[in-house]
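S.K.: Sequence:
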Amino acid sequence: MRPYSIFSLPAGLGPDERRTRRHALLRLGLAWLVMMQVMMLAWPAYVRHDGLAPGNLATLDWAIGLMNWTSLVLTLPVLAYSAWPLWRGALRGIWQGRAGMDLPVTIGMAAAFIPSVHATIAGAGDVYYDSVTMFVAFLLTARYLALCARQSSAAGRHDPLRRTRALLTLYADRRAAVFCTLQLAATFAVGLAWIWIEPGHFLPVMVAMLVISCPCAMSMSVPAVMASADAALGALPAAAEADVRAILATARRKASQNLYGSAAFHLLTMPLAALGWVTPWLAAITMLVSSLAVAANARGLHRRWTDGRAVGGGGRAHPATAGNLVTVATPATSATSASAAAAVETP
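Using our numbering, the first residue of the sequence shown is number 181, and each one after it goes up by one.
Accuracy of the hints is not assured; some may be wrong.
Unchecked claim - Label pairs and their calculated CB-CB ranges:
| id | residue 1 | residue 2 | range |
| --- | --- | --- | --- |
| 1 | 206 | 272 | 14 to 24 Å |
| 2 | 376 | 437 | 37 to 47 Å |
| 3 | 223 | 346 | 39 to 49 Å |
| 4 | 469 | 264 | 24 to 34 Å |
| 5 | 377 | 440 | 29 to 39 Å |
Hints are computed from structural coordinates only; laboratory data are not their basis.
For every residue, glycine included, the Cβ atom is placed at its ideal position computed from N, Cα and C.
Can you make the complete structure from the sequences, with help from the hints?
M.R.: Structure below.
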């Protein structure tokens with residue numbers, strides 16, 4: 181694994197950052213483990229139909245009830261431990277009087293989990309434990325990628341990059357807050373419409389809308405790009421001032437592509453969920469796909485500047501640095517970073 185991979189542990193991390201990384205990995209592992217078990221337990225409910233023999237149907241219903249209780253027990257630690265950062269972020273946003281990215285996420289989890297508990301206790305109705313655990317696992321995967329990217333970017337030695345990251349983060353947070361507010365308003369409006377049209381579809385439609393429009397891809401837009409830019413600068417220890425400016429300009433462009441591309445993707449898929457054409461578990465998969473697309477687009481910045489085609493206004497990277505992503509601190513890079521600081525501008 182290369183030293184500048186976002187999955188490697190940066191050498192400059194302190195004890196708190198290392199502890200945060202370990203807890204994030206534990207939460208992610210637990211969520212994925214439980215998700216796989218709950219999805220297997222949910223399978224009998226998907227294949228059940230009234231055409232079965234009465235005796236077989238009664239046995240299957242009893243087994244489904246038992247599996248629902250098992251799924252409930254397995255889902256509780258995922259919501260209590262794995263999803264704790266999401267609850268904490270939502271409560272912080274409510275306390276500060278703003279609709280952050282965690283608020284629609286937690287509303288979606290609660291909207292799927294609470295009715296599922298009621299259906300399990302009553303012994304009748306649909307449950308969505310598989311959708312809840314899948315949603316948490318996929319979301320934590322995206323958040324873990326974002327955490328690795330932030331820590332990798334924070335370990336960089338380039339002042340212009342840190343300033344660009346701060347400006348882009350502020351820019352993205354403001355637009356994400358507007359997006360989340362509009363998303364919640366649209367979700368509740370569609371939910372009220374479904375209560376009037378077909379009350380039985382109200383819950384799955386609301387859960388699917390909240391999941392499919394989860395802004396986790398937007399939250400990855402800036403961290404993933406800045407980690408890629410930091411790796412590119414680390415691979416070019418003798419980069420010219422023009423190269424540094426070009427890398428930062430590419431980072432701003434990639435961040436804008438990720439931010440507005442993910443927002444457009446959510447806006448295009450939300451009508452499908454509003455019409456009831458998307459199930460909650462399919463919405464969770466869609467959310468993961470959008471997050472991976474953001475990560476892949478950010479990775480393109482690093483590939484462009486380390487494949488020997490874009491260095492020095494068209495020259496080739498030195499072979500020793502093109503394949504080894506290790507930052508070498510030199511007076512030239514310090515002077516380059518200082519002179520390129522003036523090139524940082526808002527998107």
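S.K.: Next step is simple, just say for each hint if it's right about the structure.
M.R.: Going down the list of hints, with the structure as the test:
1. 206 x 272: 14 to 24 Å: holds, 22 Å
2. 376 x 437: 37 to 47 Å: holds, 39 Å
3. 223 x 346: 39 to 49 Å: holds, 47 Å
4. 469 x 264: 24 to 34 Å: holds, 25 Å
5. 377 x 440: 29 to 39 Å: holds, 32 Å
Taken one by one, the earlier hints all hold for this structure without exception.
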